[in-house]
Structures are given as C-alpha cells and as structure tokens.
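Protein chains: 2
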Amino acid sequence: MSKRYVVIMAGGRGERFWPQSRLRRPKHLLPIVGGKPMLVQTVERLDGLVPPENIFIITGREQQDAVASVCSMLPAENIVSEPVGRDTAAAVGLAMVIVKQRDPQASIAMLPADHIIRDRDAFHSVLDTAFQAAESKPVLVTIGISPTEPATGYGYIHRGEEFIEIGGRSVYKVKGFVEKPNIETAKRYLDSGDYLWNAGMFVWTVAAIDKALEENASELHRSLRDLESGLTEGKSLEAVMDEVYPGFDRISIDYAVMEKADNVVVVESEFDWDDVGSWPAVARHFKPDRRKNTVRGAALIEDGSGNIVVSDSKHLVTVCGVNDLIVVHTDDATLICPKDKAQDIKKLVKKIGDDPNWKSHV
Amino acid sequence: MSKRYVVIMAGGRGERFWPQSRLRRPKHLLPIVGGKPMLVQTVERLDGLVPPENIFIITGREQQDAVASVCSMLPAENIVSEPVGRDTAAAVGLAMVIVKQRDPQASIAMLPADHIIRDRDAFHSVLDTAFQAAESKPVLVTIGISPTEPATGYGYIHRGEEFIEIGGRSVYKVKGFVEKPNIETAKRYLDSGDYLWNAGMFVWTVAAIDKALEENASELHRSLRDLESGLTEGKSLEAVMDEVYPGFDRISIDYAVMEKADNVVVVESEFDWDDVGSWPAVARHFKPDRRKNTVRGAALIEDGSGNIVVSDSKHLVTVCGVNDLIVVHTDDATLICPKDKAQDIKKLVKKIGDDPNWKSHV
Numbered sequence: 001m002s003k004r005y006v007v008i009m010a011g012g013r014g015e016r017f018w019p020q021s022r023l024r025r026p027k028h029l030l031p032i033v034g035g036k037p038m039l040v041q042t043v044e045r046l047d048g049l050v051p052p053e054n055i056f057i058i059t060g061r062e063q064q065d066a067v068a069s070v071c072s073m074l075p076a077e078n079i080v081s082e083p084v085g086r087d088t089a090a091a092v093g094l095a096m097v098i099v100k101q102r103d104p105q106a107s108i109a110m111l112p113a114d115h116i117i118r119d120r121d122a123f124h125s126v127l128d129t130a131f132q133a134a135e136s137k138p139v140l141v142t143i144g145i146s147p148t149e150p151a152t153g154y155g156y157i158h159r160g161e162e163f164i165e166i167g168g169r170s171v172y173k174v175k176g177f178v179e180k181p182n183i184e185t186a187k188r189y190l191d192s193g194d195y196l197w198n199a200g201m202f203v204w205t206v207a208a209i210d211k212a213l214e215e216n217a218s219e220l221h222r223s224l225r226d227l228e229s230g231l232t233e234g235k236s237l238e239a240v241m242d243e244v245y246p247g248f249d250r251i252s253i254d255y256a257v258m259e260k261a262d263n264v265v266v267v268e269s270e271f272d273w274d275d276v277g278s279w280p281a282v283a284r285h286f287k288p289d290r291r292k293n294t295v296r297g298a299a300l301i302e303d304g305s306g307n308i309v310v311s312d313s314k315h316l317v318t319v320c321g322v323n324d325l326i327v328v329h330t331d332d333a334t335l336i337c338p339k340d341k342a343q344d345i346k347k348l349v350k351k352i353g354d355d356p357n358w359k360s361h362v
Numbered sequence: 001m002s003k004r005y006v007v008i009m010a011g012g013r014g015e016r017f018w019p020q021s022r023l024r025r026p027k028h029l030l031p032i033v034g035g036k037p038m039l040v041q042t043v044e045r046l047d048g049l050v051p052p053e054n055i056f057i058i059t060g061r062e063q064q065d066a067v068a069s070v071c072s073m074l075p076a077e078n079i080v081s082e083p084v085g086r087d088t089a090a091a092v093g094l095a096m097v098i099v100k101q102r103d104p105q106a107s108i109a110m111l112p113a114d115h116i117i118r119d120r121d122a123f124h125s126v127l128d129t130a131f132q133a134a135e136s137k138p139v140l141v142t143i144g145i146s147p148t149e150p151a152t153g154y155g156y157i158h159r160g161e162e163f164i165e166i167g168g169r170s171v172y173k174v175k176g177f178v179e180k181p182n183i184e185t186a187k188r189y190l191d192s193g194d195y196l197w198n199a200g201m202f203v204w205t206v207a208a209i210d211k212a213l214e215e216n217a218s219e220l221h222r223s224l225r226d227l228e229s230g231l232t233e234g235k236s237l238e239a240v241m242d243e244v245y246p247g248f249d250r251i252s253i254d255y256a257v258m259e260k261a262d263n264v265v266v267v268e269s270e271f272d273w274d275d276v277g278s279w280p281a282v283a284r285h286f287k288p289d290r291r292k293n294t295v296r297g298a299a300l301i302e303d304g305s306g307n308i309v310v311s312d313s314k315h316l317v318t319v320c321g322v323n324d325l326i327v328v329h330t331d332d333a334t335l336i337c338p339k340d341k342a343q344d345i346k347k348l349v350k351k352i353g354d355d356p357n358w359k360s361h362v
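Just so you know, the protein sequences line up as chains A and B, in that order.
When the count follows our numbering, it moves up by one through the first sequence with no breaks and lands on 362 for the last residue.
When the count follows our numbering, it moves up by one through the second sequence with no breaks and lands on 362 for the last residue.
It is worth saying that the hints were derived from the structure and are not from the lab.
Keep in mind the model is a prediction, meaning the values are calculated, not measured.
Don't be surprised by glycine CBs; every beta carbon is placed ideally from N, CA and C.
One or more hints might be untrue.
Claimed, not checked - Computed far set for chain A versus chain B, every beta-carbon distance over 12 Å: (1) K3; (2) E62; (3) R120; (4) G155; (5) V178; (6) R188; (7) N216; (8) R222; (9) D242; (10) D303; (11) D331; (12) D332; (13) A333; (14) K341; (15) K347; (16) K350.
Stated by the list, open to error - Here are the simulated SDA-like cross-link-like pairs (lysine to any residue), alpha carbons at most 20 Å apart as the crow flies: (17) B:K351 / A:T232; (18) B:K346 / A:G321; (19) A:K100 / A:S313.
Please work from the sequences and hints to get the whole structure.
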C-alpha cells in the first residue's frame, strides 16, 4: 500500500474570475482553460502517481457538493470540507491529522487545485523526487518554479547550495522565502538564476510537518491535537471540525512555517506551469483574432483590439471602439474592467459582498 | 370640426439606442426619458391642440401592433403602417393623401415621435402660429429651434426677413437649409443669430404640400396619385400601400422639397427641445452620482467616472476602473462603447444585422 498521499487545497473563493466564478463555483470548479474543471484536471494529473484512495481534497463547506459531484473518481470521504476558511496553515494541519489517522509513516504532497500543468510525466518525476527527498531526510520540500519572466505577482524561493542529489536531480537548501518583489527586484531575481517562484506545492512526511507546526505554530499545533483527540474519541471528522476549526488562526503556511523553518529544501520544476490567476492570464491560452481580441462565447467586436470578452453562446456582447478591456457576461452579472486593472476585481467583489442588495451575486 | 391634423412620423429603426431599442421596439416605443414611451408623450403633448381623431401615426409594419397597443387613445385606423420604410418624403406624401381623403381643406403638422418638449403651452402656442401661417398663405412652415450651443449634429435653417406677423410673433422667410456644419461653421451660425436647428417639424395645408410635391418631387407625386386612385376605387389603405409604396423613392422631405421650394417660412420655437439622439444625450436628463456616473438599473461602479450604465433591476453591471464608457445590458445583448463613439452604434447595428448568426438581435 502506498505511503504517499496527495492533499489538494481547493479553498478558493472565486474572486478573481468573478462574475464567472462565485463563492459556490470558484475557479477550480470551472473549465477556465481545458474542457474540464481545473480541479478535475488536477486530480486526473495524479493518475499513476498515487491511488485515488490516497488523494484528498480540502474545500469549503459551501463547495463540498459541487466538488464531490465532479470528483466522483475519489472516495466520497476523501472530500473534506472546512466549516470556515482558515488559510493554508490550517489546511496543512488538517491534512496532516487526516493522513496520520491512516498512516503515521505517510508522506504528503500539498497541491493547489487550479493550476495548469500539461507535462504530466515531468510533473510526476519532479513530485517523485520531492517525495524521495522528504522520505530520506526530515525536511520540508517545496517545488520551485523556474521563472520565465520577472513576475511581480508571485513570492520567490531563494535557492541555496545543493542539499542532496536524487536520481541525477539536485535538491537545494532554501536560503529564504521572499514576498512579491517590485519589478526591479524581480529582474534581478530572474538574472541571478537563484530564485524560483513559490507555487504553493509542498511535500513532507507526517512527522516532519507535525514537528514543524509544533515548533513554529504552537497555537495551531495545540488546536490540531484537539482535532486528533476528537477523532480518537470516535467523533466524526465533520463534528470535530465544526467544534475546533473556527478557533484556528487564519494564517498561511508560508508565514506560519516555511519562512521560519531551517529545514526547507527545494526541487526545481521541470514542467510547464501557469497558475492562470487572472483573465489576462487565461487569455494567453486561447488563440486571439487578428486584432488580438480573445473571445469566448458570443461576441462582436467593432474597431477594438486586445479585448477579452467572455459570454455564453446566446447573449451577444458587442464592444465598439474599445481596447484592452475585460468583459465577462453571465446570467445575473456583467464585469467591465481594463486588463491592467484585473487585480482590482477582488476589491470589487468584496464591495459587492458588502452590499446588502448584491451580496447574493458573490 | 377641426381642420387641423397632426401626423406623427414614427419610423425609427432603433439603431442608436441598441440594444435597448430594436427594430420592433425603437426609441419612440421606449421610455428613454420620462416614465412613458416617447411616442405616448408626443401624443399626450397634443392634448388640447387637436382632437384624437385628427392625430395620425405613420410607423413601420413591424411596429404597428406595439404602437397601437401604447396609443390606444387614438382610433385604431389612425395608426398607419408602411410596408417598407421610404424616408420622410414618402411619409409626408402619405400623410397628405390620408388627410386629403378626410378633408381637402385641412392643414397638417408633421411631427417627430421621439423628442422631448416639456413646455406644452409654449409648444401649443408656437404650433398654433404655424397653423395660422399655413392657413393664411400658401407656404410651407417649419419650426426652427433656437440653438443653445454650436451643435454639429443638426441641419440648420437660415432665417431671412420677416414674412408675416401673427399674434405678435414673427414668421420669417427661409433663405435656405444647410446640412450638418463643422464646429467652426456651427459657432458662426450660433453667433449670427440667423440660424435655427431643423427639428423636422413642418406645418402646411394639404393644397400647399400637394403643390410642393408636384413641383419638386414629381415622380413621388405621380406615385401618390396612384395611391389616391386606389383609395378612390375603394381598395383598403393597406392593400394599396402594399402595391404602391415599395416603388416610392427613398428620399427625405428636406432633400425632396424643403431645400428646393421658395415658399418656405419658419416659426421660431419658444419651447425647450431635445431630440435625445444618443445615450450621452439621454444621460443629461438624469441626475449623475458624485463621480458623474449615470446609472439606470442595477450597477456598481468602482473607481470610474462619467460612465453611463443601463441595466435592469436584477442583472448587476459592474464597472471597475473605466471612465466615460456606455454600457447597456439587456436580456440577450450587451453594448460597450465609449461615449465619444456613440455615433458608431448605428454602424455596429448594421454589422449585427448583416451577420446571419446575430441578425435576430437587431
């Protein structure tokens, strides 16, 4: 029986792709790129790496039914829902507790739900290296993405000297994690070759992450002990999560552990990767027309270029004399936003959620 | 029995207010400004000036039912539909023939269907003067709008010397009609005080317009004789129009008659007037928010000013980081267009009508 587990973090709230994505239908449940929901692509990408019974999904309570419905290839009990979102440190802790119940000797890969990776073989090979590294030494392994441009939208991993070689592939010590840089710093990072994008993919043994949480996030770790005791007493996971989870700190695993621990190593990605975090990023995956407009669904563009228009097959969106605009039409809401303000959509969605008239549209 | 008739030309094709206006639901059938369809406001504005049985509406065949339904205050037979649109000269000729059947001694005011005039008393008073002028001399009377700005979107009437005084109000000879000027010319016109906007409102007797058509548009006049003979033979108006109308020239009354005739006079408007010919013109009639956005229906604007957003009460249109944009959402189509390109909407609608996939959206 495999000792390797994968836990997919599917806690997105559907903000950046609003109005197509919603609280109950976030990006990972949409076929943003590719014919299937991003989460389904993520699960199918694991085929041959770990068996379905070793794949868990952590999602929000309001998304559980939708996730279970599209991920019927997994056992229903492997879809775990948080009663409230508590960021990635809590999800990592929850994953640790759940997998530990199955096998205290297990190793776990934590993966995001909604990224694009097309080269499955390379992905499997890199993950295998990461699992081997985690299984051979008590380290926290991250997968670092080799940067292809001076991106300012990602955190970076500062790669140090070689820590170990596995099957001809180097695993490096991590000197540190750095936050999203400005463009000058990002250019320096790219030129140096010593910085990798932090894609939020981690591999560790139950023991290693248990210890790391104990040492670096002691309050969360105590709460996780309560979660474990509840389960040991025979309570259902849902019942004990309802009790304990709301008290968890809301903190990312990067802040809580990765930036503090001194036993972090990194394996370099050798696969294509795109987190498609915005409409402009999505548009890069579709063939534009000769005026560089990207259209999905029914649209007619007169005298405009560089626009991204998303509708359905029946509602005609017409754009006349406008450039570089994002237009997304859905049955009950339409978004209009310049491409270079795509990052403001989150702010807009917050405003909509705060408006008693419109919060149902979030 | 009143010898005065009003014929309202309601032949608009709903292009400039697409997608809210459509071929079957053009501007005059919409409450663009004011709570009632523009055409209903136009009919109600005549209350006290001419009796309902003397008010006719000429509209398109595809709009007849909708017009009859909103104009139930008029006799059903007074709503006349053209089998095909043939511009204003044909409509003027048709009006002449219809009214002549009722009373060859009658006078007729031809009025547009979709303008805003709020000062009903002044409007009645000016029209009364125009009727008196037409009844006292064999002239073609136009109503000229005193310009309030150097508009380049209207044709102008060049006012000459006083022709006659009626009840203390001057009626002037017309020196000529001029086409839409450029901005420099428009400024000169405004400064001179001798130019008035041509709003397409005309008053004449049956005899005067009959003679003017005979002299200036002989081919159309011959076709009108066919129309009259058909009616005299006892054919229905609809049947004879189906026969004759498609052969009519497609020409405006301005080109066909007004610019050629030497017996044209003008009465100056003393009422407010706005033809609200575009979304930006409409927006001027609504109170903007503090960032000068004009919103009708459900909209949320984040970081944007000067926008015009039109939706219904349920579909939320959100605009984020955009200025001076027109956004109009309807059930089956959405328009996005900068305010300064509002005149291109007609072109866009033509393109939609030419597209076999989308012509039903026109």
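For which of the previously enumerated hints does the structure constitute a violation, in increasing order of number? 10, 11, 12, 13, 14, 15, 16, 17 and 19
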